[in-house]
Structure formats: C-alpha cells, structure tokens
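Participant: Protein chains in written order, with my numbering: chain A, 378 to 858; chain B, 378 to 858; chain C, 378 to 858; chain D, 378 to 858.
Source of the hints: derived by calculation from the structure; they are not laboratory data. Among the hints, a few may not be true.
No copy labels: a pair is met if it fits in one copy or bridges any two.
[To be verified] As a list, the in silico BS3-like pairs of lysine-lysine whose alpha-carbon atoms are at most 25 Å apart: (1) 432 / 420; (2) 710 / 681; (3) 466 / 710; (4) 432 / 821; (5) 710 / 686; (6) 693 / 431; (7) 681 / 693; (8) 686 / 658; (9) 710 / 790; (10) 760 / 710; (11) 459 / 560; (12) 739 / 560; (13) 681 / 709; (14) 455 / 693; (15) 455 / 790; (16) 739 / 459; (17) 681 / 422; (18) 658 / 420.
There are 4 protein chains.
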Amino acid sequence: KQTPVTPFKQPPAAAAASKDLPYMYDSTVEATRLFDCLIHPVKPKKFFSELWEKKPLLVKRHMPCYNDGWFSTEELDKILRKENIIFGKNIDVTTYSNGKRETHNPPGRAYAPIVWDYFQNGCSVRLLNPQTYSHNVWKFLSVLQEYFGCMVGANIYLTPAGSQGFAPHWDDIEAFVLQLEGKKHWRLYSPRNDGEVLARYSSGNFTSADVGEPILDVMLEPGDLLYFPRGVIHQADTPTDSHSLHVTVSTFQQNSWGDLMEQIVPTALQLAIEEDLEFRKGLPRDYLSYMGVVNQDSDNPERKAFLRKIEQLMTKLLSYAPVDAACDQMGKKCVHDSLPPVLTKAEEMCSIHGNGERWDTKLNTVRGAVELEPDTPIKIIRKGVLRLVGEEDQVRIYYTLENARLYHDTEPKFFEISADAAPAVEHLIFAYPDFVTVDSLPMKTLPEKTEIANALYEKGLLMTDEPMQAVDDSSSEDEDI
Amino acid sequence: KQTPVTPFKQPPAAAAASKDLPYMYDSTVEATRLFDCLIHPVKPKKFFSELWEKKPLLVKRHMPCYNDGWFSTEELDKILRKENIIFGKNIDVTTYSNGKRETHNPPGRAYAPIVWDYFQNGCSVRLLNPQTYSHNVWKFLSVLQEYFGCMVGANIYLTPAGSQGFAPHWDDIEAFVLQLEGKKHWRLYSPRNDGEVLARYSSGNFTSADVGEPILDVMLEPGDLLYFPRGVIHQADTPTDSHSLHVTVSTFQQNSWGDLMEQIVPTALQLAIEEDLEFRKGLPRDYLSYMGVVNQDSDNPERKAFLRKIEQLMTKLLSYAPVDAACDQMGKKCVHDSLPPVLTKAEEMCSIHGNGERWDTKLNTVRGAVELEPDTPIKIIRKGVLRLVGEEDQVRIYYTLENARLYHDTEPKFFEISADAAPAVEHLIFAYPDFVTVDSLPMKTLPEKTEIANALYEKGLLMTDEPMQAVDDSSSEDEDI
Amino acid sequence: KQTPVTPFKQPPAAAAASKDLPYMYDSTVEATRLFDCLIHPVKPKKFFSELWEKKPLLVKRHMPCYNDGWFSTEELDKILRKENIIFGKNIDVTTYSNGKRETHNPPGRAYAPIVWDYFQNGCSVRLLNPQTYSHNVWKFLSVLQEYFGCMVGANIYLTPAGSQGFAPHWDDIEAFVLQLEGKKHWRLYSPRNDGEVLARYSSGNFTSADVGEPILDVMLEPGDLLYFPRGVIHQADTPTDSHSLHVTVSTFQQNSWGDLMEQIVPTALQLAIEEDLEFRKGLPRDYLSYMGVVNQDSDNPERKAFLRKIEQLMTKLLSYAPVDAACDQMGKKCVHDSLPPVLTKAEEMCSIHGNGERWDTKLNTVRGAVELEPDTPIKIIRKGVLRLVGEEDQVRIYYTLENARLYHDTEPKFFEISADAAPAVEHLIFAYPDFVTVDSLPMKTLPEKTEIANALYEKGLLMTDEPMQAVDDSSSEDEDI
Amino acid sequence: KQTPVTPFKQPPAAAAASKDLPYMYDSTVEATRLFDCLIHPVKPKKFFSELWEKKPLLVKRHMPCYNDGWFSTEELDKILRKENIIFGKNIDVTTYSNGKRETHNPPGRAYAPIVWDYFQNGCSVRLLNPQTYSHNVWKFLSVLQEYFGCMVGANIYLTPAGSQGFAPHWDDIEAFVLQLEGKKHWRLYSPRNDGEVLARYSSGNFTSADVGEPILDVMLEPGDLLYFPRGVIHQADTPTDSHSLHVTVSTFQQNSWGDLMEQIVPTALQLAIEEDLEFRKGLPRDYLSYMGVVNQDSDNPERKAFLRKIEQLMTKLLSYAPVDAACDQMGKKCVHDSLPPVLTKAEEMCSIHGNGERWDTKLNTVRGAVELEPDTPIKIIRKGVLRLVGEEDQVRIYYTLENARLYHDTEPKFFEISADAAPAVEHLIFAYPDFVTVDSLPMKTLPEKTEIANALYEKGLLMTDEPMQAVDDSSSEDEDI
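One chain only, chain A, in its complex shape (with noise of 0.2 Å):
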C-alpha cells in the first residue's frame, strides 16, 4: 500500500513553511514539491514529456486521505453560511439529464438551506472561486502558480448520487481532478479532429452522439488524481449510492506559443516600419488590378514579384520582433492574473506585513521603528511576487501582493522605479533564493542603494533575514522592565 509523500492532513505548503527555516525558504522548490505530491508517484520528467499536453493520466491511489486539506463539502457549507455567495456569480447549481443540460440558478444570496434543497433534488453544485473563500485553496493554488508560471485556477464540484451536473464537453485548460470525497465516473473522450487538439476556447455542449466511444472510463475515489489536457471532451456522473466532490485545478489558460505571438508580431511590425524604409515604399501603383481574390489564379508575372516582395518583408519582420519584451509583457499579465501569497508568520515578521512601527496601547505612542543597514540580508520574499518590465519609457516592477483573492478585483499594480535601480533589482531576483546584503546591491552609492530597498520594503517585496530590531525598542523595553 502507497504512503502519502507528505502528511496532507497538515497541507503541505504549510508543512514546507513550518518544518524549513524561514531564511532557507524557497517558493520555487516548495512550488516543486507542491506538484510532485499533486502527480505522485509519476515523476515530474516523464510526466512533461509523456503526457502533458498529449494524453490523459489517471492515478488510481487506494489512499482515500491523500487529496485531504484541499476542500469538504464540511468547508462548502461553513462558506455558505459566512460569506455571501451569489448565484450565477460564485455557484451554480445545474443537470444534465435525458441529454439536456439546464441551469437553475435562483436570483440572490445563495443561503446554505437553498443550495442544499437544489442539491436534495439532484442539482450539482459548482462553487466559483473557491480560492476566494478557502484558505486551503487560496495557499495550494498560489504555490503552484509559481510551478507553472502562469495563472491556476480552481473549481469545486459537488454531484448527488445517481446525477450528472453536465453535459460532454471540452475546457480551454488543462485540468487536474483531484477526488476529494465520494466517487465518481469518468469517461473521456479524443479531441474529433487536428483543429480540436488543445483547443484555445471551451466548447459548447455535446450530445453522445457528437462524441464516440470514450478512450478512457473509470472511477474516480477519494484520493485519486486525474488529469487531461484542454481540448479533450468529458464527462461524468455519480454511482446511484454515493455522492461526489472533487476540486479541479486549471492552469495553461491562453498560455500557447500563439499567445505570445500576439504580443509579438503586432509590434514587430510597427518597428520593422518605423526603422526599414522598404515597409515604407509605396505599393505599386497598379497592384489592385492584379492582387485580390479575383486574380488568385493568374500567373501575371508582376503578380508573382509582388508575392515574392510580401515573403521577403515576411522573413525581414523576425529581426524586429521583440521577444524579451513580450515575453515581460506576458509576465506582467501573468502577476496581474495571479493570486498574492500566503505567508507564513515568519515571513510576516522579517518583512513590513509583521515588522516595524506599531501602535503600543499602553504607552499611546507608535513604537517599533525598524531600519534597513548596509549589512541587512535581503531577498524578495517570494519568487514569482514581481516582474521587472520596460514599459512607456519607464522601468516598472509590476507586483502580485496588492491583488485581491478575487480574480481581477483590482487593477494592475506597479510602481517606478529608476532606470539606475533596475541592476540592483535584477541582483536581487537573480539572487534567490539567497539573502544579499543591501550594501552588495550594484548600484553607485549607499544612499541609492538604501533608497530601492526601502522602496522594495515598504511595498512589502523584501524580506530580512530575521526580524528587525526596533530602533526606539531597546531603551523603552528597558525601562518597562
């Protein structure tokens, strides 16, 4: 019998923070583990190059606890009752049943007494989000953002014995079901065709005869783990003696090479015109007459001359394209879509979220002061907290901490920075996950350097190596003793 990698009943991200030191924290090498647990016992290596993207992978692991610590339908029902969910907006409750697919959502809160009569009568229930409103979630989800360098996002599913919520169909993300209680049947099924393989929009709803023969059907139990690539069409009931809850993890959505190519080629061609005169000579005087549809099949001379001068400008666009700087555009939508960090208590008090100026009741005063020295070890405080992007002719550091639980609840959050403080940045986030001293930070001055830790401090990106001492704390502290 399998044995967990990590204990789940502490969740992991959690056990990671408490068993390590803070100063050798690494949210890259938890953001690793986080993922070996998830696809366990396959190993990372064989699973990138086997099946990512490719094909379907089941994990079948005979240990119910294993997904435990992400989500219960307990958790579902405390959120219900604290937070106020909105039909149509966070939850829904939906059937697929005799092949159609019906919504039956009520207008309003939705109070957990409702959503338990819809569940009662055969309704599954979707809860949006959930990352919003479980800690669990929010932590799992914001550590494994870092493994894959784009957004992950997540969706709990509750079926009803004997129902099915949905109708078949395909999903523009990868997903990882992870079955957290009950079980579940799954059947899926090939993309129908080329243009259908890791298809970039959802579909809409199929019946079974648009769909064939299933290439995989199984039983998904508590613990188990199944994932399958965006384009692959599924669905899934409930066994008539048990009910069903399962979280999905989605990531790799609008993430292609095509993506990046949409930052890319627009702009190469606005500087390939701007900087090369041959993009801006003008079009034969006469070109109309034999270009256009109606022409196509003409073997006019002039014609195929025109058609060779559009391959040449073609090959000249590559050497304009400017793929370090859409690829930080890339990066900056990626923090943008991200969810901030959940740090630990040790993180909070090496960094502004726990250290520094307070206010002490007892004496009515602020107190606690604390101040970045030339050897103050540093470091950002998480990998993927911050990106360094050019942008309208400034240096901006583009940051995750500010965004809200609630995916795009906030606008894009950045600060400028001098072009002269981008080395010292760039030190600092080539450096992880090792401390550096404020005084190493490559920049002229020890004034300047003090200034872009400060700024990197007290927008929270820096933590020390441990707490800061209070400047104004010892004497004080003395004479309360």
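Please build the complex by placing chains B, C and D on the supplied structure of chain A, with the hints as guidance.
Facilitator: Chains B, C and D in isolation, oriented as in the chain A frame:
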C-alpha cells in the same frame, strides 16, 4: 458624577440583544435606545425641537469610558495589518499647517508601518468607511440607520499631538463627533449667509480670514460628544501634549424636502401632460415675441396672460404629485444605501441564516430541513430590512440583507412578488415587532400564504419565534441515541 | 368662382419680395400674408379661435392652380436624377393593402427609374424633408416658420391610382395638406378618448376596426386644402382613375405648454432648493414609516401634515419659476430647428451676403471694401433670424443663418456678446422692421456701437437700407475710366 | 516654346470624353493621359523609375496657361459666396512670420468679405477638399485616383504678396504642386535622417535652424509643376510683387507595403493559431525565468532554444498570409476613400443615371422603361468604380458611386451578390473596357445572367453601348408624331 446609561464596555447593541428574549427584539426600540445613549443626558424630544439642524450641541461627560466600544487606535493598527487598506481610497494622510491643506497619500497599500511613519511626522490619518472593517462600527451604524430613516456613515480621525489635519470647511451631513482618545480643540463658525445654512454640498477649504469669529471654542475629551448641523464651518487641532482619536457619525446626506421634491416634481409633470389636455395644448403662436429676458420689463397684456397661465398650470401640478410613490423611491434608495444588519445569534437560529439544511459530515448527507407550518409565528427580521415598492408595473421588495459593508459595492437588490401577495407583506410590516402566524396572512388560500412566507424566509427576511425543528431530525437523532 | 389671393404661379414669397422695396421688407408681414393665402378664404382670427387644435378644416377651392409653385411630380423626377436620394433615409416606397402596411425600400440610392418602377407597381412614394432639395418648399417653409414661431416641416406624398400607402394613424403635428396633382380620398376619425386629443407622440398603425366611423370623408382635388390637428386619425387612398401628389406642411411638434413646463419646472426646483431654506431642511426622521404606497389609506396625522407640507412647497415653486429664461431656451431650440432664410437679391446686396470685398480678376486684387458709418441705417435681416439668450453667465446670440437645409445637420450656432452690448441688440430687435442708425444704438461710445454693429454684420445678421458704396471703388473706378 | 499637350482651357477629362465615342471610353486610358499631361514633358516610365518617392521634380513650362482649368481665385470667391464654407473646417487663414506659425480662424461661416479682409491683412488662405465645391477639381481628382490606385486629394493655397503662410514641415503624401496664378518661391530640404525618408506621418513645424540648406530653391510661375515625395521638408513664400495661387494634388497616403502588411500579418497569425497545432501548444513552464529584458544578456541554452522556436514560428507565418484577401481590403478602403466619378452625358444616357423610366408631365404618367436583353452589350461604367470582396462569408461589391464629394461623409457602400454570380462580375471586370453581352456572362441560365446584370445596372455600375430604347415609347411617340 454622571453614570453611563448603558454599560458601554459591552457595546449597547450587543447588550440589548443578549438581555432580551429574541422574540421580543424590536430593532426600532434598540435604535431609539442607542440614540438616547449617544446624546445623553439631552432628551431626544428636546434635541429635535431645539437643536437638530439648528445649532451645535456640546456634551462634556467627564467620563472617559463613555464612548468606549466604538473604536480605538489599537483597532486601527490591527485593521492596517489585516485588511488591504489603500491610500487615497480607504485612508488619507493629511496636514494643515501655515494655512495650507495637503494630502500626502503615496500610491498603493497602507501598510501599518508606513501609516505610522506619516503619523510620527505630523500627519492626520482619516479612515473612510470604518464600518467595512470594524465589527462594532458596523453594528452601531446599522442600528442608527433605522433610527434616522436614512443612511448613517462614519469616518475615523486620528491626529498626532500639536497638529491639525484639515482646513476650515463645512460638510453636507449632520455630524456627531464622539471623542474616543486624547484631546481635540474644536472651533465652530456660523454659516456666512442664508444660502449656506443646511448647505446641500460640502464646501471647499477656507482661510481664517473667511470664517470670522467662532461661535464655539472647546476642548473635547474622551467620552464627550459634539453635534453640529451641515453648513456649520469647523476646524479642530490637537494640543501639543496629546494625540486625538474620534469618530464622526454622519447622517441626512441628500435627505431633505428638496431631495424628495426632485423625485416628485418631474413625475408630476409627466403625469399632468399625459392626463390633462391643458398641458398638451399648443403655446400661443407668437409668444416668443413678448416672452424672454429681452421682454422682462414689458407690461404687454398678452405677456401678463401668459404668466397667469403658467401660474395656473403650476398650481394644477400639485394634483398630479405622486407623493407616496416618490417616498417609496426615497425608501428604496435608503435600502440601497444601508448597511446590512448585524444579526444576533438568536436571530440567526430563528431564520435561514442559521437554521435549516446543513451538511452532516458523519452521515455524509444533508440533514435539518425545516418547514413553515400554518401556525408558525413569523415576523420580519428587522424593521428596516425591506421596502415594498411599486415600480415598472411590478410589486418589488427591495432589501438590505445582501448589501456589502462597502458602500454601494452591490447593485440594489430586489425581487418581485405578485400583486396578490402585497397585502400579506404589508400585514407583516404593520405587525412588526409582533409575530403573526403564516395562516393569518391576508391571502385566499393556505398554499398562497405559505408561498409568500417561504419566499420571504428564503431571502432571509423572516424569522420565527423560536428555532424550527428539523422535520428529518427527530427520528434520526433518536437513532443516534 | 373664386379668385386666388396671390398669383401663385409666382410663389407668394417671391412675389412679396419683388413687389416691395427692400427697405420696407418685413418678414412678419410676409409670413402673415403667406399664411392668409394658405387658409384663404377662412380668416386667421376665425381659424385660430374655432378650428386650430380643435377640428379639421376643408377648403374646396375649385381652382386647380391655387397651390401651384409648391412642388410637382416633374420636380420629384429631377430631384431623383440630380440629388443623392437614399432609400430609407430620404425617401420611402410603401403600400397598405388588405389591411397590411409594408415598406419596400431597397438599400442604396433611389435612382429615378427604380422609384418609378416601384410606383408603377403600386407603391406610394414619400419624400422626406423636400425643403433640402426643392427651392420653393424651402422658401415657403422658411417664411411660415416665422409665422408659427416654431419649426415648420413638410413631406411630399405621391400615390399611384387605385392604392393607399399608409395605414390609419395619427401624427404628432398640426397638418396642412395641400393637394397639388390628381385626386385623393381622405377619411378622418376622432381621437378615441381624451388622452389621445392633441397626442404628444405619433401613433402606431391601426386597423379599420380600431377607428370607427369617419367624421370627414372627402375627395381632395388640386388647389384644395385639408387641415387637421395632431391626434386626429386619418387615412387616404387614390381613386382608380388618378394618381395623387400632395405636400403635408407640419408644425407645432413638441411646442405645447407641457414642453415649456419641462423647461421651467426642474430649474424652478433647483432655484428653490438653492434659495429657500425650507427646501433644504431635512425630512421627518420617520416619514418612511407612514408615507409610501403601503400607507396610502392611513389617516395618520403625521401623514396629513406631511402632505400639507408638500402642498406648501409645490405652491412656493411658482415664485422660482424662470419663465422668461425657459422661453428663451424654447426660442433657442426654435432657432436651431429652423431653416435658414431664403434671402432676396436685394437683401443680399444690402448685407455681407452680397456686398463687400471681392476678387477682382482683372486687377488680380481684392476690391470693394465697405464700412458701416455712424449714420448708416441698419436692421436685422429677418425678424426670426436670431435670438438673444442668457446662458452659462454669457449673453449669446443664436442664429439660423448657418443652419443646413437638412434638419439638424449642424450644431446650434451662436456667438457671445458682451453684456454691455445686449441693449443695442434689443434695440435692433424692437425696432424691426424699421431701420436705425449705428449711432442710435444705446451704448456709451461710438466705437462700442460700431463694434457690435460690425459683429452682427459680419455674421450676416444685419442689412443696410441700400447697398453700401465701396470705400476703395469710387476713385479707383474713376481711374479705370 | 512648348506646346500644351492638351488644350487645357477645356479641362482634359472633358476633352477626352467629348472627343471619343462613349463606347470606346476607357477610364484607365483617360487616367493615363491626364497624368502624362500633369508631368509632361517628363515620361511616366522615367518618372516612376528615377523620381517617384526618391527626389523632387521641377518642370518650368514657360506657358502660363498650362495648368488652366484646375481652379482660380475667381472660383474661390464664388465658392465663398455660394457655399456654406466654415472657418477651421473647410478653410484656414494662417500666417508664418518671424518664425511663428499662427492660425487666425474666427468661428463660423467664412463669408467672402471676411476672408478677403484676412487676405488683405497678410493671411494665407487654405481651402480644404476643394473637390467638394469645384467641379473641375472633382473631375481631375476622380480621374487621377484611377491612375494611382488609391485616394487622390487636393488643397488650394492662396497667398498674398510678400508673405508666407506655413512653417517648414513635411507631409505624409506625395505632392504635386501646380502653380495657377502669380509666383511662389519654394525651398525644399532633405529628410534629416533615414527614419524620416518617406515618413508615415506628417511632421510638426520646424524652425530654420532645424532644416539646414535647401536642396532646391526655385520660383514657380503659372503653368509650372513641382513634385516632391512625402518626408521632404518644404516651405514657400511669395515675392513682394505678386500673390500666388496653387493647388497641391496629393496621393499615396497610408498606401505603403507596411500598410498592406498591417492587413496581412494579424490575420495570418489568427489563421496559423487556428490551423497549426504548433501555435496552440503551451509555452515552456518556466520560460518567464530565462526570458524577458532582465535575461537579455544570458546565454542560457533554454533561452536559445526558445528564440529558435520563435524564429521557426515566424517563418511558418508566411504560409498563412492571406495576401489576396488583404489586397481586397486595401481595395475596399480605396473604394471608400474615392470620389464618385464625374459621368459624361454619354455615360449617363447609356446607364440608369440618365436612361429609363421618367415622369411624363404631359401624360401624367411614367414612361420610358428599358430592359437589358440577352444581346445587349454591357460594361462596367468605370474601371475603378467597384471592387469584388469576399467578407464575412459573403461576396460583396463595394462601389464608389454613392460616395459623397466630401471625404468619408458616407459609410462604405456595398451590396451582396450570390457566390454563383461572382464569375459573371469577374468576367465584366476582366473584359473592361470592352463590352460583352448579357448572354455571354458565365452563369448557367439566362435568368441568372439577367438578374446579376440588372442588379449591377440598378446600382448604376453598368452601361450599355448605346442608349437603350424604351419598351413603351415606340408606339406612344408614334402617336405623338
């Protein structure tokens, strides 16, 4: 020495709820009690006849704890650490010195140490909408809004010793200043002319030269109250030996006869035009030659007749004035502006907020269904929680329960009921705070009565006199035993 | 047998202009004369006291040429060939048969042969805004608008024999139907209830069943006139032996007391709130509990007091009613809606439209400068060509001269004058149709007088009593000789 | 002494039309002839190989009448009197003196005396879009646009003696300056760097210091021509003894390879993503860590592989480039930008513009119906009058005929035809300038052939070789005789 009317260490709303049996709870009574405390020892009758909207009121209590429970600098520190408070949106840091008012907000999140740094450097701190973050402020304001029949808001002001945060100005609200910590020196000035009395919009900043001699010059200490009407110019600074913390409770913004008239008058005119031929008749063919500012001084007889005709039409307007419908629109606006109520444990247990189906983790199933019976005593959960409005040929119930604690963060919430059910809702409104049975609702059949009762119950608007027993629990619980 | 009042072979406006000396020209007189002809032999006094806005008027003239000069099918043919007339925008082809109203417009330009093809196939042709293309229609309407003091429009209707183009309906304008060619059978029906009398908006299409028995059933022949008020239901068809052509002249759209009240009432309320403390006082704290539709039948004394208070405030509104300013707003709208005037040769020669600097091709230079002298007699070029309006703390002159012949194709045109110059403009307005000298304008200094006179002259709004002599022409022309 | 190629007293377009038989008329030939005259005695072949988009061309003709027929100051005076010319919209009055460029437009209508007053005071006058008001300018430009295969525009510049109206600057068009009256002194300057050559957008104003030494310094006299490419800096002033009038004919605005590429490239990428799996595959999981400006100098092997992959995808793009569809989009834009053609009397009589049903005033009925027969010879009325475009799963014919003379005053005009009819339209396009019979159109049945021919005829796009005889006229005209 004065005694506090209510032991305010325990906030009065909570006190009231815990002392009384829930089925006796009357939100109107509680609201009255809270307002009595607020202005104690002044009596409400005297207050409203002699002071309200007329002159300032100062209550020196010599009892520092009198306003306890509202808020503290300690709570501000906690909020800054826990919530995503944003400079310029939720909080401001300001100064007023040498006659110059400045706002010093940096961009981004107001981490506690940054706020305290500004405070140490002489900035005043204003926390907007503290009800969004402070449970007690939320509770007090949500009770007071039932008293005033319109939105009640608040700001928190924290000022360091020896400073002033704001220039002399007037506000567009009735202000109740409750001194919480430290001391503050206030100066009040009369409106400078009749047009400024009960001003409809807040003023800009004044200079000392603008405002003349104060009509009140006083030092507030913890426990004290200062009330003044909208339009009264004021400024306040701290002595050099003490910081100051106060909450300003505000109400009656855009709640004047004129505001109501703005609802009535345009609609009255539309109705008159639709129903009264006099309004649809053509203007005199040549009126443009004797009317208009150019002809203002003319005593042309046609001109006089024209003016008499206008007078006659203006008089006729009154008979088309939709006063009740306009009041309902004001009531609907009030419902949208309002905070949701802070329900007591007892209220929750007697309503959908705490009773009814829940997930039974041991049995892995839903349990606890309850049902309104013909003889179940019911009442509206709070007097001010809903408003019945006729609108767009529908009967609608607007309600506060799904409002966010953040002002206008949700759209107005309503649902439609059938015209036949309106008398049943009216019956419940008039019966408040008494319970009536489902069967006593003035509708024809029991299924109709049950349907409207269930509709209200499922929106969280009804409570029963005691927690209903689950219909599925008796037997199963027996089995458990 | 009747004699035409005016020899209409020569259109009356042109006739008037040519008969009179230009310095005697009075657009008010001409407008009166044209309207007298229109309804002849009915007298205006009788028309306006007994018929206008009350009942239909039929004038059978037995003089086929009486309406000549307005329009002809021949002119329609020319317009279709010369102008870019677009189906659905400028022209409609329609049928009404077997109780069904249809529009048959193809997309694109209405080339004459296409229109005639539809006509041959039984379609009625409606030309919208003929004043844009027909010089005479423009001239007549621009004169009539001075008579009615508001916009006067027109449509042309051409109907093939034995057909009907439109279903029974009512319009939102006072209609004057002038039969031009062929015959048309008209049926008029009373408004079906009081609310439809002088209806504010046009109706949809009716069936025969909707409209009952006609109150008038008549055959129009060339030279005849039919007038009926807005709200009167009508339909018309052609006999099998004759096509029909008529023009419908329309006026008094949105020109009722109610329309003026819509200008007055909201502003009156804003002024009352600004100036009258009663309007700024707060509403009673608990009014929402006794007001509103729910309480409609209550005889609560507070409720009665509340209603009395509303009555009192409504009455007070009258004293804040800005009647003259509202009339000026109506006048401004009328100026924007109006056609520009058709100036006579004489008017052109006595104004900037025809006098002043011009390019001298022989001399290759500019010649012909003219100058207003203190003793130059001046008057406004047409009574209705401008309106003086106080607005946004400015004195503005709105004017029709730069309006397009296409309705609202230009923005309202105005220019600002100094407040000091307003009496001078008023002087010119009151003096009309008489001339006054520049020097007689009521301003302090001659340069000021000349400045305002020049400003009006350069906008084309002033004319002199005779063509001014060029200051550079006398000597130079002598030299030429 | 030179002889004019065409007797330009009679404008060349009119001359061409009157000389040739209408059935021989070929708009391409006429366009060529007009351009030949324009640059005469330079030969087009030489012009396009050596000068076009490369260097300025000066033709001193010593024949003052050579450019006659385009425009004159006399015509400007007439336009100002007749048309509603608005300052700032249709005309500008400007000065450039002491290095300062100023616009002096007053608001409102540009009455002739006001314009001449500014002119007398040293202002230059620029008339925009003279083709809207001048028949000849319209005619010449509408012919030239067929030559250039893209929009041809014009401005008129009138400058008083001893002045300059504009600062040194470059434009975004190929400019042909035709001197019409008086003299003008021009100075041209090279683009200051490679990026300014054939500049895509017009420049701001330069100072003398910015522009250096002129590459051309010349006095233009009536009959002369000056051509220079976009991006060439220029300025011009008048000698003290002569005013100047010239027209600048402009073309090739936004008509470069780059503009075409902007049509091609985004669509190519969308097609590639839809059709090519490589573009839909996910990005490498950790690419954000080695890509981006921060990593620009890294020689990480993954980075190199990433860049190679981009190169490979860019190369693949070419095979998805929709060149013909993009050219059709350019053609559609050209059709929308174009002036409608000025049809000759002959063209009118052989098309719907002048032939077909008309109102017979004597008979009071419609006469003159014509019908395309199987053997009727037809051709497209002008080569450039339409474009066949595949768009949104439709085959559409975009056409210029309903465009206004005012630039973009109408929406793009098109109608849909069936896919089956496309070859018939192509047949007509390829046959131009020859006639083909209706029956020869490549469609299956005669009714289909007649239907598409009628559709084109009714849109005014077809002409017959001679005026068709009316089917209803023979007998009736006999009777008339």
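Participant: Against the structure shown, which of the earlier numbered hints fail to hold, in ascending order?
Facilitator: Checked against the structure, the hints that fail are numbers 4, 11 and 14, while the rest are satisfied.
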